[in-house]
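There are 2 protein chains.
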Amino acid sequence: MRFSPLLDELIKSLQVLPGVGPKSAQRMAFAMLERQRSGGRRLAHVLDQALEHIGHCRQCRTFTEERVCGLCTNPKRAVSGQLCIVESPADVVAIEQTGQYQGRYFVLMGHLSPLDGVGPEELGLDKLADLLATEAYQEVILATNPTVEGEATAYYIADIARSQDVNVSRIAHGVPIGGELELVDGNTLTHSFMGRKVFSEQ
Amino acid sequence: MRFSPLLDELIKSLQVLPGVGPKSAQRMAFAMLERQRSGGRRLAHVLDQALEHIGHCRQCRTFTEERVCGLCTNPKRAVSGQLCIVESPADVVAIEQTGQYQGRYFVLMGHLSPLDGVGPEELGLDKLADLLATEAYQEVILATNPTVEGEATAYYIADIARSQDVNVSRIAHGVPIGGELELVDGNTLTHSFMGRKVFSEQ
Ligand SMILES: [Zn+2]
Ligand SMILES: [Zn+2]
Chain B
8 MRFSPLLDEL
18 IKSLQVLPGV
28 GPKSAQRMAF
38 AMLERQRSGG
48 RRLAHVLDQA
58 LEHIGHCRQC
68 RTFTEERVCG
78 LCTNPKRAVS
88 GQLCIVESPA
98 DVVAIEQTGQ
108 YQGRYFVLMG
118 HLSPLDGVGP
128 EELGLDKLAD
138 LLATEAYQEV
148 ILATNPTVEG
158 EATAYYIADI
168 ARSQDVNVSR
178 IAHGVPIGGE
188 LELVDGNTLT
198 HSFMGRKVFS
208 EQ
Chain A
8 MRFSPLLDEL
18 IKSLQVLPGV
28 GPKSAQRMAF
38 AMLERQRSGG
48 RRLAHVLDQA
58 LEHIGHCRQC
68 RTFTEERVCG
78 LCTNPKRAVS
88 GQLCIVESPA
98 DVVAIEQTGQ
108 YQGRYFVLMG
118 HLSPLDGVGP
128 EELGLDKLAD
138 LLATEAYQEV
148 ILATNPTVEG
158 EATAYYIADI
168 ARSQDVNVSR
178 IAHGVPIGGE
188 LELVDGNTLT
198 HSFMGRKVFS
208 EQ
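If you read the protein sequences in the order shown, they are chains B and A.
The opening position of the first sequence corresponds to residue 8 in the numbering used here, with each subsequent residue numbered one higher.
The opening position of the second sequence corresponds to residue 8 in the numbering used here, with each subsequent residue numbered one higher.
Because the hints were derived from the structure by calculation, they are not lab data.
Incorrect hints may have been included.
Chain copies aren't distinguished; within one or between two, either way the pair holds.
[Unchecked claim] With a straight-line cut-off of 35 Å between C-alpha atoms, the simulated DSBU-like cross-links for lysine-lysine are:
1) Lys204 / Lys83
2) Lys30 / Lys19
3) Lys83 / Lys30
4) Lys134 / Lys30
5) Lys83 / Lys134
Produce the entire structure from the sequences given, and follow the hints as far as they go.
Written out as structure tokens, the structure reads:
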């Protein structure tokens with residue numbers, strides 16, 4: 008015997024959360040039972056509602072409980088004619104936090120990975136082709152991750168965009184701002200040299 | 008705008024869990040939405056049930072959804088006549104995992120801490136006194152933590168036990184088995200010297 012059946016089951020259920028093992032699940036269960044009963048009940052309710060109602064935006068595929076998400080319905084985001092392609096909703100948040108980008112997004116919810124059965128259809132690329140064919144986008148900005156899979160996915164999407172006569176760009180990769188050159192890996196440094204630009208004095 | 012209202016609320020609600028900040032709450036929400044929908048729904052259900060039904064054992068105060076917990080109802084645990092006093096249900100688990108202790112427990116659910124309003128009543132010490140007066144215990148084993156508060160609590164309980172003519176012992180503190188002497192703090196080492204025993208050759 009470890010705990011009562013219900014407490015055992017709570018500790019087991021909490022381990023569905025990423026990064027949560029038996030020890031931290033136990034700590035979480037005790038913390039909620041000891042001093043967060045109402046917060047815990049609230050979490051149970053919201054979690055149930057979220058998993059029942061949150062699906063994908065019909066247009067950009069990000070997570071939303073609405074048919075079409077807030078970014079896609081905002082007419083201001085259409086003005087620039089830009090469509091930024093990212094791998095996950097977390098990437099949208101990261102880009103939005105810079106406050107620099109005013110266009111729309113398309114969220115792949117992954118990257119091409121044939122061995123895992125993730126092909127163009129799983130990433131909604133047919134939907135993306137439709138979108139580029141029907142709406143007047145000026146530029147597709149590829150912001151997939153700088154990994155082998157992310158690059159392959161970027162190439163694949165670039166082809167789709169070019170076949171629709173839409174300009175394609177890729178976000179820059181190189182030495183991070185504030186980073187030290189000697190601490191950057193060779194691959195990044197190589198990228199950084201290949202992507203060098205004419206230095207203008209002003 | 009960060010996410011849809013429901014997703015925002017899920018990320019906020021998850022932060023009720025100890026050690027979970029905005030970043031990991033976001034990662035947890037995405038992980039469940041992406042690939043753990045049924046595990047997440049199960050967690051929501053179990054969490055709700057646990058927080059509604061789990062209370063404290065009427066006898067030892069540990070967490071249980073029953074009136075009296077499994078350890079307290081098991082007649083085999085009464086044979087030794089030992090009662091081990093611990094601060095939390097996690098301590099019960101730790102001691103049970105050694106497989107060496109066969110007696111019962113009393114779980115304080117904290118330690119004396121007058122500044123935080125935790126006095127003898129909050130720790131159920133009136134209930135403990137009743138228990139020692141009505142049941143025939145041979146020995147009270149004090150296993151509160153070796154902290155200032157844990158020690159003060161141990162002293163207080165020792166007085167209660169002695170007033171009922173019950174033997175009182177304190178678990179040993181010293182250098183951990185397998186630990187290196189030079190890495191142990193001075194306080195533990197002092198304890199370890201004061202608690203030294205005659206070395207018997209056998
Ligand atoms: Zn959208
Ligand atoms: Zn009990």
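**Message:** For a quick check of understanding: which of the numbered hints are violated here, in increasing order?
**Reply:** When the structure is compared with the hints, none of them turns out to be violated.
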